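Student: Please put together the full structure from these sequences, using the hints given.
So the sequence shown is numbered by full-length UniProt numbering: it starts at 1 and just counts up by one.
In short, the hints are calculated from the structure, not lab data. Since we're looking at a predicted model, the values are computed, not measured. Check before you lean on any hint, since a few could be wrong.
The following label-pair restraints were derived from C-beta to C-beta distances [stated by the list, open to error]:
(1) Thr41 with Thr20: 29 to 37 Å
(2) Arg68 with Asp26: 27 to 35 Å
(3) Gly27 with Pro71: 19 to 27 Å
(4) Gly69 with Asp26: 34 to 42 Å
From the three backbone atoms N, C-alpha and C, an ideal C-beta is built for every residue, glycine too.
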Amino acid sequence: MTTPRDTSPSRRTRANGDGTLYQRKDGRWEAAGYVLAPGNTRRRVRVNGTTRKEALAKLTEKIAASNRGLPIPRRAAWPRT
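Tutor: Next comes the structure, spelled out in structure tokens:
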């Protein structure tokens, strides 16, 4: 028997633009949000943490950098073998 991760009264609502925060099946926490990407576009990034606070701190750091106008680096293409 599993226990629910978040019950209805303990759920917190987040403001628009703050991103999403949830617990994965493996117990880690994942946060996702939109940040500035090259070409003046926005891209969704995901970060993981062992605790809710850690995942939220990582996402907040990325969103803050994006709000200062720093685009996230472009991902390198996967090497093809």
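Student: Now, for every hint given, state plainly whether the structure supports it.
Tutor: Here is what the structure says about each hint:
1. Thr41 with Thr20: 29 to 37 Å: This hint is violated: roughly 19 Å between Cβ atoms.
2. Arg68 with Asp26: 27 to 35 Å: Roughly 33 Å apart at Cβ, these two residues keep to the hinted range, so it holds.
3. Gly27 with Pro71: 19 to 27 Å: Violated: the Cβ-Cβ distance is about 32 Å, outside 19 to 27 Å.
4. Gly69 with Asp26: 34 to 42 Å: At roughly 35 Å between Cβ atoms, aspartate 26 and glycine 69 fall inside 34 to 42 Å, so the hint holds.
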